[in-house]
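We have chain X; now place chain U onto it with these hints.
Protein chains: 2
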Amino acid sequence: MTNLRILKRFLLYRICLNKFQKLGFEKVYSYTLGEEAGVTPEQVRKDFSVFSIKGSKRGGYDIKHLLASINNIFKQDSERNVIIIGMGDIGHALVKYQGFRENNINMVAGFDLDPSKYGKKNIIPVYHPDSIDKIVRDFDIKTAILAVPESAGQAACDRLVAAGITAILNFSPVILKVPDNIIVNYVNLRSELESLFYFI
Amino acid sequence: MTNLRILKRFLLYRICLNKFQKLGFEKVYSYTLGEEAGVTPEQVRKDFSVFSIKGSKRGGYDIKHLLASINNIFKQDSERNVIIIGMGDIGHALVKYQGFRENNINMVAGFDLDPSKYGKKNIIPVYHPDSIDKIVRDFDIKTAILAVPESAGQAACDRLVAAGITAILNFSPVILKVPDNIIVNYVNLRSELESLFYFI
Chain X
2 MTNLRILKRF
12 LLYRICLNKF
22 QKLGFEKVYS
32 YTLGEEAGVT
42 PEQVRKDFSV
52 FSIKGSKRGG
62 YDIKHLLASI
72 NNIFKQDSER
82 NVIIIGMGDI
92 GHALVKYQGF
102 RENNINMVAG
112 FDLDPSKYGK
122 KNIIPVYHPD
132 SIDKIVRDFD
142 IKTAILAVPE
152 SAGQAACDRL
162 VAAGITAILN
172 FSPVILKVPD
182 NIIVNYVNLR
192 SELESLFYFI
Chain U
2 MTNLRILKRF
12 LLYRICLNKF
22 QKLGFEKVYS
32 YTLGEEAGVT
42 PEQVRKDFSV
52 FSIKGSKRGG
62 YDIKHLLASI
72 NNIFKQDSER
82 NVIIIGMGDI
92 GHALVKYQGF
102 RENNINMVAG
112 FDLDPSKYGK
122 KNIIPVYHPD
132 SIDKIVRDFD
142 IKTAILAVPE
152 SAGQAACDRL
162 VAAGITAILN
172 FSPVILKVPD
182 NIIVNYVNLR
192 SELESLFYFI
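The listed protein sequences derive, respectively, from chains X and U.
If you're matching positions, the first sequence starts at 2 in our numbering and goes up one per residue.
If you're matching positions, the second sequence starts at 2 in our numbering and goes up one per residue.
Honestly, the hints are just simulated from the structure, not real lab data.
Take these hints with a grain of salt, some might be off.
[Claimed, not checked] FRET-style restraints, in silico, Cβ to Cβ:
{"#": "1", "chain 1": "U", "residue 1": "Asn72", "chain 2": "X", "residue 2": "Ala156", "range": "26 to 34 angstroms"}
{"#": "2", "chain 1": "U", "residue 1": "Asp181", "chain 2": "X", "residue 2": "Leu24", "range": "20 to 28 angstroms"}
{"#": "3", "chain 1": "X", "residue 1": "Glu43", "chain 2": "U", "residue 2": "Asp181", "range": "16 to 24 angstroms"}
Owing to the predicted nature of the structure, the values given are computational and were not obtained by experimental measurement.
Quick reminder that beta carbons are idealized off the backbone N, C-alpha and C, glycines included.
Isolated chain X, as found in the complex (with noise of 0.2 angstroms):
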């Protein structure tokens, strides 16, 4: 299976050839992309033929055509929906980011189990978790975002995974036990800004 860390390596190429082409590059070497996103330029072109991209020796990569690739591999020109759990300030924040809802991630709807946050103060509809199996059901959702208080991570989790969501972006600080074909990704702020700390 392919694995999370080569997909994230991508997503990092990306950002890079995004830059280049703005600066009105049209060939990228794995040289030169390497150099940018941190990598050694074998790594990039072990990269690229795990996923069949071909440059040409002399003229190095087309960048045009790495993007189309990239966003292949990671469905861009479908609608991506998602569904989030636990509209905290985290959840909020995640709605409401830009970087979502520019590049075609649909936010559906959110999940709290506090009445005050339904209705129409949020810019998506937000629901009891009681409805979280209608609406995966109904459009059809694979991706969930989770965002609770760590001791509702896991009784969440399970809930999405009977649900029928397969991909999981969890932002609670719990380590989740999850069947063995459902894919999860963590964030842990706590972690990512103290990670920092060792080097002050």
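What follows is chain U alone, placed relative to chain X:
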């Protein structure tokens, strides 16, 4: 130089160890910890040896001692001052994030170009970026969170480095050019979510 990857594994170990402790355990084997954290027992032992953490062959590692060692690595008992650049939705959510507030992380100030954000609407003082130098000096701050739009990322970063910041948690979707002695940890929220769409 110790890299971020090993440090993040330690922060993952901490999540697991806290869980074990809550469950009433006092000792843990590298096998058990590795299983919970999703790494091999060899990796656990190798990581521990980097920081001279020792266990006994028979009894395993003492959880309380391990947690103290990990907290020590991340200076948990010091005052850990942080500033945040960009008080948009993400910046605002991070300032209020319980995972920071509950763990001896002190958000000293926020900075934003928008004057409507200054004053008492926020739970920390918010200033114009012109004040970065003074605040960094007055509070001896080494760590900053960058949460500005892509176009403003590099300029804001340059300003932080000039002020004396040495560690940056970067939420802006831009690869920062920094001197060798500056450490940058990237959180690209769009990439974290998009990496999951491959599996759908």
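Against the structure, the hints:
1. U:Asn72 with X:Ala156: 26 to 34 angstroms: The hint (26 to 34 angstroms, Cβ to Cβ) holds, given that asparagine 72 of chain U and alanine 156 of chain X are roughly 28 angstroms apart.
2. U:Asp181 with X:Leu24: 20 to 28 angstroms: 24 angstroms, holds
3. X:Glu43 with U:Asp181: 16 to 24 angstroms: Given range 16 to 24 angstroms: holds, Cβ gap about 23 angstroms.
Violation of the numbered hints given earlier is absent; every hint is satisfied by the structure.
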